[in-house]
Amino acid sequence: MTVDVTGRLAEGIGALENSQTYVQACAARGYHHGDLTAHTRQLHDWYGTEDGLDLTVLDADLAALRAIAAGCSDARESVRAGAATLDGAWSGESGGAAIAFVARHGTAAAAVGDAVESAGRAVQRLRDELWRVVDEKVRATLSADDLAAAQRSAWLSAARAVLAGDTGDAAAVVDSQIRPHVESVMAGEWLSAMRHGAAAAAEAYRVAVDALSSHPAVRFEIPGDFGPRGVVRAVPAVSVAASAPAVTPTLPDPAVPSPAAANPAAPGPAVAPVSPAEPLAAAPGAMPAAPMSLPDPMSAMGGLPGQVADALGGLLGGGSGMGGAGLPEPGPIEPPTLPELDEKQDEPEPIDEPESEESEEDPVESDEPGEPEEPDETDAADEPAKPKEPEPLAPSADPEPAPTPVPEPVPLAEPVPEPVPGAEPETPCEIAADELPQVGE
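Numbers given in my numbering equal positions in the sequence shown, counted from 1, plus 24.
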């Protein structure tokens, strides 16, 4: 079937032009019709509503839908054959479930095939209806012109004359002969055909849309996924936990572990050397200076006092190796740090109280009970003799302070092993006291 809309409409253009001339001449003589005389090409508007329509596209769509419908039919037969094969080869509950699944699959395929066939029929109806509308318009236009075929030449001449401004015989022909034809044929039969054609075309589109959308969506069942689902998801969490060791860098913060380690080994001896600290109270001039200088050097030195205490403990605890070999390693210290060393060594006993102020208070408290013992140097000379008696305890209490007449009494407790208590400037304690101020500088 050939459906050339443009070619078919062109067949009635000549007849349409004649009828348009008749209507315009009547309008020039005072005839008015809302659907015919609104403008000079109103008849063309009615006639050309389907102009440009390409029904060959619908033909191509129809052919494609028919091919799809044929494929659906073949698939339906394949599903039926598969269900029959399963029925004969697989029995039991599992077999029944598989056969039922394939049967439902076939039902869905049949629904798709029905929908495709319905769409093909809707497209075919639309194509045929639109072609019928176009053909009827052409037929109605040709028929209207054929009714005036006997007077066509005379009427066209009179109408053109009136349009040119003639008011004589031509105007009389238009009023008496052409106007009755326009009112009865063009405003009656022809206009009705145009209106019917436009309504029929709109209805054809509506029917096609309804036919295409009348079928519900088809759903094909899919077997469940029997494979693992997200098994590896939990593994990354373990790796994240492994990365937690990043917190370990914070462990090496404590700088006073070495003196603290020595303290637990000799907690008892640490109390004994506190008594020699009593002479410190005898020197009232040195005590006020110690607390004044205490906060500044501590904040500036940081963990350096702990290193000095370790070096001093190694120097004095070694006995024979008490030379200045170990002292230069820590580096020089400012003189005001001497009381700090006492405080620093006193601190290891109460590990929870690292504040320098508390360490200072400890020696003050020790001074109160020991006020009766005023001699400084004499006691200092006697002090080395006292620690000599508990020789085994002295090495264990390396960090404990043994105050001397000098502001640094702590080292005197440990140098007790040395056999040179008489000459004070030559003793290792005094040597350490002399070199200790240089460590902070």
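It is worth saying that the hints were derived from the structure and are not from the lab. Treat the hints loosely; a few may be bogus.
What the hints assert, rightly or not - Label pairs and their in silico Cβ distance ranges: (1) E245 x A105: 16 to 24 Å; (2) S238 x R104: 22 to 30 Å; (3) A91 x L187: 49 to 57 Å; (4) R90 x T26: 29 to 37 Å; (5) A124 x A99: 33 to 41 Å; (6) A174 x E207: 17 to 25 Å; (7) A174 x T80: 33 to 41 Å; (8) R104 x G38: 52 to 60 Å; (9) A224 x A105: 52 to 60 Å; (10) A222 x E101: 17 to 25 Å; (11) D190 x A84: 18 to 26 Å.
The structure presented is a predicted model; accordingly, all values stated were derived computationally and were not measured. Using N, Cα and C, we set each Cβ at its ideal position, and we do this for glycine too.
How the hints compare with the structure:
At about 19 Å, the CB distance of E245 to A105 agrees with the hint of 16 to 24 Å. Checked against the hint of 22 to 30 Å, the pair S238 and R104 passes, with Cβ atoms roughly 26 Å apart. Between A91 and L187 the beta carbon distance is about 56 Å. The supplied range of 49 to 57 Å therefore holds. Evaluation of the 29 to 37 Å hint for R90 and T26 yields a failure: the beta carbon distance comes to about 18 Å.
The beta-carbon spacing between A124 and A99, approximately 18 Å, falls outside the hinted interval of 33 to 41 Å. At about 19 Å, the beta-carbon gap between A174 and E207 stays in the expected band of 17 to 25 Å. Separation of A174 from T80 is about 39 Å and conforms to the stated range, judged on CB atoms against 33 to 41 Å. With their beta carbons about 59 Å apart, R104 and G38 fall inside the hinted range of 52 to 60 Å.
Between A224 and A105 the beta carbons are some 45 Å apart, a value that contradicts the proposed interval 52 to 60 Å. Distance hint check: the CB atoms of A222 and E101 are about 45 Å apart, inconsistent with the given range 17 to 25 Å. At roughly 53 Å, the beta carbons of D190 and A84 sit outside the given window of 18 to 26 Å.
Checked against the numbered hints above, the structure breaks hints 4, 5, 9, 10, 11 and satisfies the rest.
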